[in-house]
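Model the full assembly from the supplied sequences, consistent with the hints where possible.
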Amino acid sequence: METPESEAGGPAVEIRALEHLDRPEESAPAAVLVFAREPLNLADAGYLATSIRTAVTLARQTHRPYWMKRACPSWCNATHLDGDHLDDRLHWPDDSPPVLLSLHDAVSTAGESCCGQAYRPPQLEIDLEQHADAVEPVVKFVIEGATAVLRLTLDEAEQVRTAVDRVVTMANNADSQPPRPPKPRRFRYRTGPASTRPWSTE
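Just so we're aligned, residue 0 is where the sequence shown starts under numbering that gives the first Met the number 0, counting upward by one.
Since the hints were derived computationally from the structure, they do not count as laboratory data. Quick caveat: nothing in here was measured; it's all calculated off a predicted structure. It cannot be assumed that every hint is accurate.
Simulated restraints, written as ranges between beta carbons of each label pair [stated by the list, open to error]: (1) 111 x 132: 33 to 39 Å; (2) 81 x 153: 46 to 52 Å; (3) 41 x 68: 42 to 48 Å; (4) 48 x 155: 42 to 48 Å; (5) 74 x 177: 44 to 50 Å.
Just so you know, even glycine gets a beta-carbon here, dropped at the ideal spot from N, CA and C.
Shown next as C-alpha cells:
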C-alpha cells in the first residue's frame, strides 16, 4: 500500500506486510516494512500511522501460530501468538453491545472516564467463544461482577432463544388484549335463626 501523492509529487511512503505464506508452520512474526523516500508533511504522517495499523492488523490475521491447526473462523477478531497459554488459545469476535440489567444492583463507575454518573446498571455480555481445538463455538453469557460464566452449545442456545421468545410473546399478547369483564356476583339465601341478613354474596 502507498500513501497518496505528496506535495512534492510521487508517493512518499510505501508499506508492505510480509508473511511466510509458503511456510505456515513458521513461528517468526510477520514483517512490516516501511519505505520513506522523503520527509513527510503532517497529512502524509497521519496517513502513514493509519497505514501501519492496517498493515499490522493484516499481518496478525495472516500469521498462524504453530499450535493452530485450522484457520480462524470468519468472525474471529483475536490476535493469536505462539506463546499463548493453552487456556488462552481462543477465537472471539468483536464485542457485542451489552444488555443493561435494570433489576440488578448498580455498579460504581469509579475509574470510568466516559461516565458522568456515580452508578450505572450492570451489563450482560453475550458473545461467541471457541477454543482452537474445539469443533464449534459456544455462546457465552457473562454478567458483570458475577463469578460464574454460562456457556451453552449452539443447540442449547437455540433452545433458550425459542423459550425466551415464547414467554416474551406470551406477555406482550396479554398486554395487548382488552381486559376481561368482571364475573357476575352470585347471591345465596341463608336460612336459620343465626342469620342476621337474608341475602349474602360469595
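Hints, verified against the model:
| no. | hint | in the structure |
| --- | --- | --- |
| 1 | 111 x 132: 33 to 39 Å | holds (36 Å) |
| 2 | 81 x 153: 46 to 52 Å | violated (30 Å) |
| 3 | 41 x 68: 42 to 48 Å | holds (46 Å) |
| 4 | 48 x 155: 42 to 48 Å | holds (44 Å) |
| 5 | 74 x 177: 44 to 50 Å | holds (45 Å) |
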